[in-house]
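Put chain H on the given structure of chain A with help from the hints.
The residues making up each chain are set out below.
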Amino acid sequence: MTVDLFIFLSLSLVAIVAALGMLFSKNAVYSALFLILNFATVAVFYLLLGAPFIAMAQVTVYAGAIMVLFLFVIMLLGAELLEPGQTRGWQRPLASILTLVLLAEAAYLIFARSDLVADITPAPAGYASPQAIGEVLFSRYLLPFEITSILLLVAMVGAIILTKKVSKRI
Amino acid sequence: MVPVNYYFALSAILFIIGATGVLIRRNAIVIFMSIELMLNAANLLFVAFARTFNHLDGQIFVFFVIAVAAAEVAVGLALIVAIFRSRQTIDIDDLSSMKG
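Protein chains in written order, with my numbering: chain A, 1 to 170; chain H, 171 to 270.
Isolated chain A (complex conformation) (with noise of 0.2 Å):
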């Protein structure tokens, strides 16, 4: 067993473990910090596939600001035992069935029809760097950019809106 292979099972037996408490958890809060070491994990995960510009990305978009806004919100509206666990009866076993079936899905994709993917080759220098995705990312990307640009102004504008105290009009 070669040394990638190692941190590889080792790192993805932590994301799976921590994708299930996140499910399991009964607490919001515990769900969220679980949810965090998982998108840590993703991280070095990413950065194992040689994608260091993303990895730093993740660490603090998803695992710094999009966990802290989960947590901030969980614990502004106290809500984290909200679960009196009074769900209809046959929503459990029906979504434990329908998860099988992606399961098994996903498996049957995965082992007979393994000869459509290749290995991961060893990845020539200067692949990802951060100098690369920038000079691909505002030169082909320019347009999405600059669009995504407008996405996360109209969301500030539409989160701020939204959470205003509703003023008496008229």
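Hint data in this document are derived by calculation from the structure and do not stem from the laboratory.
Remember, it's a predicted structure, so these values are computed and weren't measured experimentally.
Some hints here could point you the wrong way.
As the list claims (entries may be wrong) - Computed list of lysine to any residue pairs in SDA-like fashion (alpha-carbon distance at most 25 Å, straight line):
#1 A:K26 <-> H:D263
#2 A:K26 <-> H:I186
#3 A:K165 <-> A:K26
#4 A:K26 <-> H:F254
#5 H:K269 <-> A:W90
#6 A:K164 <-> H:L265
#7 A:K165 <-> H:Q258
#8 H:K269 <-> A:A95
#9 A:K26 <-> H:I194
#10 A:K26 <-> H:V235
#11 A:K26 <-> H:A189
#12 A:K164 <-> H:D264
#13 A:K26 <-> H:F178
#14 A:K164 <-> H:A239
#15 A:K26 <-> H:L209
#16 A:K26 <-> H:N175
#17 A:K164 <-> H:D261
#18 A:K26 <-> A:T99
Said to hold, decoys possible - Derived Cβ-Cβ restraints for the label pairs, each shown as a range:
#19 H:R255 <-> A:V154: 21 to 27 Å
#20 A:K165 <-> H:D261: 45 to 51 Å
#21 H:M268 <-> A:G89: 18 to 24 Å
Glycine included, each C-beta is placed from N, C-alpha and C at the ideal position.
Chain H alone, transformed into the frame defined by chain A:
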């Protein structure tokens, strides 16, 4: 080297855990976090295949997905806060006033 199939399997498992979370949890915030987990699984696959084919476009796409996810979280959490203010709950089974 790790075969890209392994990344495929890991991404599929994470995605399925996220989908299960959407199906079985009742807390709207946890459902939202499950959606983030699914986005993350898709991102992992993008980066894995970008590396397989030595192409940068997959990573650029992940960059855009992260930006869209940030916008989505801002608006989604604002919606949840607004719903909580008016209904005092974010249990999605209680939010059925649109039902006929």
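Right, here's what the structure says about each hint:
1. A:K26 <-> H:D263: The given pair, whose Cα atoms are some 17 Å apart, holds under the 25 Å limit.
2. A:K26 <-> H:I186: holds (19 Å)
3. A:K165 <-> A:K26: violated (31 Å)
4. A:K26 <-> H:F254: Distance ~19 Å between A:K26 and H:F254 Cα, so the pair holds.
5. H:K269 <-> A:W90: holds (19 Å)
6. A:K164 <-> H:L265: With Cα atoms ~21 Å apart, A:K164 and H:L265 stay inside 25 Å; holds.
7. A:K165 <-> H:Q258: Since the Cα atoms of A:K165 and H:Q258 sit roughly 15 Å apart, the hinted pair holds (cutoff 25 Å).
8. H:K269 <-> A:A95: Measuring from Cα to Cα gives roughly 22 Å; hence the hint holds.
9. A:K26 <-> H:I194: At roughly 12 Å apart (the allowed maximum being 25 Å), H:I194 and A:K26 satisfy the hint.
10. A:K26 <-> H:V235: With a Cα-Cα distance of about 29 Å, the restraint between A:K26 and H:V235 is violated, given a limit of 25 Å.
11. A:K26 <-> H:A189: Roughly 18 Å separates the two Cα atoms, so the pair holds.
12. A:K164 <-> H:D264: With a Cα-Cα distance of about 23 Å, the restraint between A:K164 and H:D264 holds, given a limit of 25 Å.
13. A:K26 <-> H:F178: It is violated: about 29 Å lies between the C-alpha atoms, which goes past 25 Å.
14. A:K164 <-> H:A239: holds (22 Å)
15. A:K26 <-> H:L209: Status holds; Cα separation ~23 Å.
16. A:K26 <-> H:N175: Measuring from Cα to Cα gives roughly 33 Å; hence the hint is violated.
17. A:K164 <-> H:D261: It holds: about 22 Å lies between the C-alpha atoms, which stays within 25 Å.
18. A:K26 <-> A:T99: Distance of about 20 Å is within 25 Å: holds.
19. H:R255 <-> A:V154: 21 to 27 Å: About 22 Å separates the Cβ atoms of H:R255 and A:V154, which means 21 to 27 Å holds.
20. A:K165 <-> H:D261: 45 to 51 Å: violated (24 Å)
21. H:M268 <-> A:G89: 18 to 24 Å: holds (23 Å)
Hint compliance for this structure: hints 3, 10, 13, 16, 20 are not met, and every other hint is.
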